[in-house]
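A.B. asks: Protein sequences appear in the order of chains A and B.
Just so you know, full-length UniProt numbering puts 440 at position 440 of the first sequence, and the rest follows in order with no gaps.
Just so you know, full-length UniProt numbering puts 439 at position 439 of the second sequence, and the rest follows in order with no gaps.
These aren't lab readings, by the way, just hints derived from the structure by calculation.
Same chains, same label: a pair holds when it works inside one copy or across any pair of copies.
Here are the computed lysine-lysine pairs in the DSSO-like style, where the Cα-Cα straight-line distance is at most 27 Å: (1) K419 / K164; (2) K248 / K412; (3) K340 / K308; (4) K248 / K355; (5) K248 / K419.
2 protein chains.
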Amino acid sequence: MSFDWSKRGADKRIRLFHSIPEEWKLRTYYRRESNVFNIPTECGKLSAEELSITNSTASDLVEKLSRGELKAVDVTVAFCKRTTVAHQLVRCFHEFFPEKAIAQAKELDEYFEIHQKPIGPLHGLPISINDQFRIEGQEASMGRIAWLGKYDTTESTLITLLRKAGAVLYTKTSVCQTLLSGETCNNIIAVTSNPRNNAWSAGGSSGGGRCFDRTPRFSTWGGSVRVPAAFNFLYGIKPSQGRTPHSKMANSVEGQETAHSIIGPIAHTAADLRLFLKAVLSQEPWNYDPKVIPLPWRSSEEDIARSKVAGRLTLGYFYSDGVVNPYPPILRGIDEAVAKLRENGHTLIPWRPYKHAYAQRFVRIMYTADGNTGILNSLKASGELVIPYNKRLLRSTKGHLNANQLGEVQLKQWEYQRKYLERWRRFEEETGTELDAIIAPVAATAAIRHGKFRYYGYSSVISLLDFTSAVAEYDPEVYDGAPVGLQVIGRRLSEERILVIAEEIGRLLGNSQTP
Amino acid sequence: MSFDWSKRGADKRIRLFHSIPEEWKLRTYYRRESNVFNIPTECGKLSAEELSITNSTASDLVEKLSRGELKAVDVTVAFCKRTTVAHQLVRCFHEFFPEKAIAQAKELDEYFEIHQKPIGPLHGLPISINDQFRIEGQEASMGRIAWLGKYDTTESTLITLLRKAGAVLYTKTSVCQTLLSGETCNNIIAVTSNPRNNAWSAGGSSGGGRCFDRTPRFSTWGGSVRVPAAFNFLYGIKPSQGRTPHSKMANSVEGQETAHSIIGPIAHTAADLRLFLKAVLSQEPWNYDPKVIPLPWRSSEEDIARSKVAGRLTLGYFYSDGVVNPYPPILRGIDEAVAKLRENGHTLIPWRPYKHAYAQRFVRIMYTADGNTGILNSLKASGELVIPYNKRLLRSTKGHLNANQLGEVQLKQWEYQRKYLERWRRFEEETGTELDAIIAPVAATAAIRHGKFRYYGYSSVISLLDFTSAVAEYDPEVYDGAPVGLQVIGRRLSEERILVIAEEIGRLLGNSQTP
Numbered sequence: 001m002s003f004d005w006s007k008r009g010a011d012k013r014i015r016l017f018h019s020i021p022e023e024w025k026l027r028t029y030y031r032r033e034s035n036v037f038n039i040p041t042e043c044g045k046l047s048a049e050e051l052s053i054t055n056s057t058a059s060d061l062v063e064k065l066s067r068g069e070l071k072a073v074d075v076t077v078a079f080c081k082r083t084t085v086a087h088q089l090v091r092c093f094h095e096f097f098p099e100k101a102i103a104q105a106k107e108l109d110e111y112f113e114i115h116q117k118p119i120g121p122l123h124g125l126p127i128s129i130n131d132q133f134r135i136e137g138q139e140a141s142m143g144r145i146a147w148l149g150k151y152d153t154t155e156s157t158l159i160t161l162l163r164k165a166g167a168v169l170y171t172k173t174s175v176c177q178t179l180l181s182g183e184t185c186n187n188i189i190a191v192t193s194n195p196r197n198n199a200w201s202a203g204g205s206s207g208g209g210r211c212f213d214r215t216p217r218f219s220t221w222g223g224s225v226r227v228p229a230a231f232n233f234l235y236g237i238k239p240s241q242g243r244t245p246h247s248k249m250a251n252s253v254e255g256q257e258t259a260h261s262i263i264g265p266i267a268h269t270a271a272d273l274r275l276f277l278k279a280v281l282s283q284e285p286w287n288y289d290p291k292v293i294p295l296p297w298r299s300s301e302e303d304i305a306r307s308k309v310a311g312r313l314t315l316g317y318f319y320s321d322g323v324v325n326p327y328p329p330i331l332r333g334i335d336e337a338v339a340k341l342r343e344n345g346h347t348l349i350p351w352r353p354y355k356h357a358y359a360q361r362f363v364r365i366m367y368t369a370d371g372n373t374g375i376l377n378s379l380k381a382s383g384e385l386v387i388p389y390n391k392r393l394l395r396s397t398k399g400h401l402n403a404n405q406l407g408e409v410q411l412k413q414w415e416y417q418r419k420y421l422e423r424w425r426r427f428e429e430e431t432g433t434e435l436d437a438i439i440a441p442v443a444a445t446a447a448i449r450h451g452k453f454r455y456y457g458y459s460s461v462i463s464l465l466d467f468t469s470a471v472a473e474y475d476p477e478v479y480d481g482a483p484v485g486l487q488v489i490g491r492r493l494s495e496e497r498i499l500v501i502a503e504e505i506g507r508l509l510g511n512s513q514t515p
Numbered sequence: 001m002s003f004d005w006s007k008r009g010a011d012k013r014i015r016l017f018h019s020i021p022e023e024w025k026l027r028t029y030y031r032r033e034s035n036v037f038n039i040p041t042e043c044g045k046l047s048a049e050e051l052s053i054t055n056s057t058a059s060d061l062v063e064k065l066s067r068g069e070l071k072a073v074d075v076t077v078a079f080c081k082r083t084t085v086a087h088q089l090v091r092c093f094h095e096f097f098p099e100k101a102i103a104q105a106k107e108l109d110e111y112f113e114i115h116q117k118p119i120g121p122l123h124g125l126p127i128s129i130n131d132q133f134r135i136e137g138q139e140a141s142m143g144r145i146a147w148l149g150k151y152d153t154t155e156s157t158l159i160t161l162l163r164k165a166g167a168v169l170y171t172k173t174s175v176c177q178t179l180l181s182g183e184t185c186n187n188i189i190a191v192t193s194n195p196r197n198n199a200w201s202a203g204g205s206s207g208g209g210r211c212f213d214r215t216p217r218f219s220t221w222g223g224s225v226r227v228p229a230a231f232n233f234l235y236g237i238k239p240s241q242g243r244t245p246h247s248k249m250a251n252s253v254e255g256q257e258t259a260h261s262i263i264g265p266i267a268h269t270a271a272d273l274r275l276f277l278k279a280v281l282s283q284e285p286w287n288y289d290p291k292v293i294p295l296p297w298r299s300s301e302e303d304i305a306r307s308k309v310a311g312r313l314t315l316g317y318f319y320s321d322g323v324v325n326p327y328p329p330i331l332r333g334i335d336e337a338v339a340k341l342r343e344n345g346h347t348l349i350p351w352r353p354y355k356h357a358y359a360q361r362f363v364r365i366m367y368t369a370d371g372n373t374g375i376l377n378s379l380k381a382s383g384e385l386v387i388p389y390n391k392r393l394l395r396s397t398k399g400h401l402n403a404n405q406l407g408e409v410q411l412k413q414w415e416y417q418r419k420y421l422e423r424w425r426r427f428e429e430e431t432g433t434e435l436d437a438i439i440a441p442v443a444a445t446a447a448i449r450h451g452k453f454r455y456y457g458y459s460s461v462i463s464l465l466d467f468t469s470a471v472a473e474y475d476p477e478v479y480d481g482a483p484v485g486l487q488v489i490g491r492r493l494s495e496e497r498i499l500v501i502a503e504e505i506g507r508l509l510g511n512s513q514t515p
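Using the sequences and the accompanying hints, generate a full structural model.
C.D. replies: The structure is reproduced here in structure tokens:
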């Protein structure tokens, strides 16, 4: 019985392997330490057209699909193939259901045939989602053995809206055992590796939601969008709470209102992130999820940001949060962004981070307010081992808080947020201009070896503040090819503006078209 | 020692009495059961001009003040006088500081003299706030003996913004001992009575924030805006969470994120409510309080509602929530509103309330999640008696919830909200039109005798849903002159639309100009 969990994990691993059609299976073994980034191109499993499709941006694909120049089925097959290759190289999914995906794509093609127009703004675009989302008939194990074998009978709100918008669902990507992690490791797939180096982590908690192709992906919370984006040379945006729907999802601590789950996309370009957010908002998610704010995409906010990009942005920046100093490649990344922005006539002023160490105390308390009983019970249910990486985290728990204690923590959090806003306002009063964004590290390091991610502060404090934050990329060559991410932080619910600024920073750093 | 609390309450009561200048004190005794509504006019304390000022709408006053046709000092003195008369008749305030108010008004007049323009959209308008708001140098006892004698050194965010907008602060109105009440009763002022009948309650928890004059007032949570509005023939609006700032206020259960405090205005016309919300939003409260959504006043939403009012509104309505049937006057109120709206070409369709009894279980749990320790400790600190009205409420506590239990409640709440939205959507799918609002009772009764308010369900379930709700009035003559309120319920954050609809309903019921 005691090793039953291990068998169940192995069983799932095997089932995943069998979900890959025989003809898509790789016959070569790739050792650790190797860069497998180009294998999808070189392995011969994808045709030239399929490679072209899977190398396209989502925006390009949607345009062609909506004009009938591409068929949803062809695009779907191409992505299914590429994803299976990826999984065999870095173990990136927990669910894979190509038949359902192809059936859905066929329906979309039929719709197009009849109506000669797309069904919605994402017509025929395959989108991968992480394993927190529920899809009827699929498991949502979130990497926990106890939750294997439970097939969902309901669908997460975002999935419903993505389908309405025309997106094709085909895989659910890997997440960390506890979700609360900057890497992706569990007792089913072991680890999700970084395609640029198999010995590196792909980041987490939703490490599977990255790599190898250009479709947008969805992920959640804290650093779970930003860290994988940063570790994989991708763009990501963590919207503020209430911008995207997260109802009817699986989660680590359901129902808590202290540290909110937030869904955000990861993609290869800022334009694809925008495509994605606009498509979701066009479905009026506030009519489905009561936590979503009825705030349609505001083009007027984009226009303001664009005119500032063309004129003069006022940006704050910091190298270190005063707790853990980032590694030199990160510092160089900030330096380069600041220099390029100044060259282009923008105003850059150092920002003094306000009590980030203090803020992280809250983050820790908030993450563990239930004494980790939610996570621990779900692990105990199968008897599975806590992965080494999470032991430290789970040890740090201070035990269960009661309603009053929770209220005190939440009150202090609000007070901290308020003081941060006050700083922001004071900065503006002193400089006489609006502070458009703050540029900061996403993490203290670039992509790192499995099991070595330690410090969440750069992403978690921004989550605590509920600020909007987008990740743009700095040249990956500087640090053994390991991607280095910068975050562009805006006030709460400033997604439209922040994406424009992140796009500009990416452009200045020469990344806007990088694969 | 055991009766010390009683002395401290009496001391405060006397201090309040002494805060009234000698020449404003009434020399006549008014017995219970009497209608004192016209005393301010008849008592001879206010000049004809002062009566005219205090009978004006806030919108009229602001217009005249902003053109220099009225002086802030004269308006302030007039309101101070009228409020002192009111307090002597019904005991409606916890704080009164005319000298500070007049000094502030003088500064505004000087500003106008120099700049020949108003300082902000509320230039010179006296506004009363309830005792939850903090003002430097004043007590914020919230009707609790233990909190007497503590003079605030900080200011609530709303107060700061009101001052910036030009409003004059002069009094803090009475609230109930626990806040969680549909009446206003505590060991300082005893009860706040209804000016139409001294034996009736003025409603609560912020019963003091009503009566006798036409300035807007601010109040909070559950039925705390709507019930006093309904019991006093006033308009009120409970915005959705995140529309108005409530940081740095005193509260019953600070820091809890389960049942949110919400600030809303009470006034004599819908236009005055609008004036108020627009003025607050014009100060960009989201830059001060992190919980406020950056959502400026949307005239476009008003335009949509106005064109529907001129064309055809689709409205749901219900008489009873299926738990407690309202008294006949309330039913007649709904009937009349429905009939008048139909006569005017609008579509009225019965709405089936969804599980309101179930929802109220959550409300009870949420209100008492801390086992009422917050309230009980603040009462114990002085040893004061729990007012009879609140005993039942405090007995009903199920004890302290822990983080997991709280999470479960919050999850069910979210689920309930989601299902209610689904109903709303299904209604729209079935009828093929947008459901603009739902008309419903505010309470099961009209204004009632002190100590008799029992059933909160009509207001609290709408608060649980975080729907926007405005109160419009039905002819008070039908029920011995007791005001009967209707609420106009809109989806979350629909303040602009709901005010237009409430205004139209008030107009159809012939109330828009009623004092």
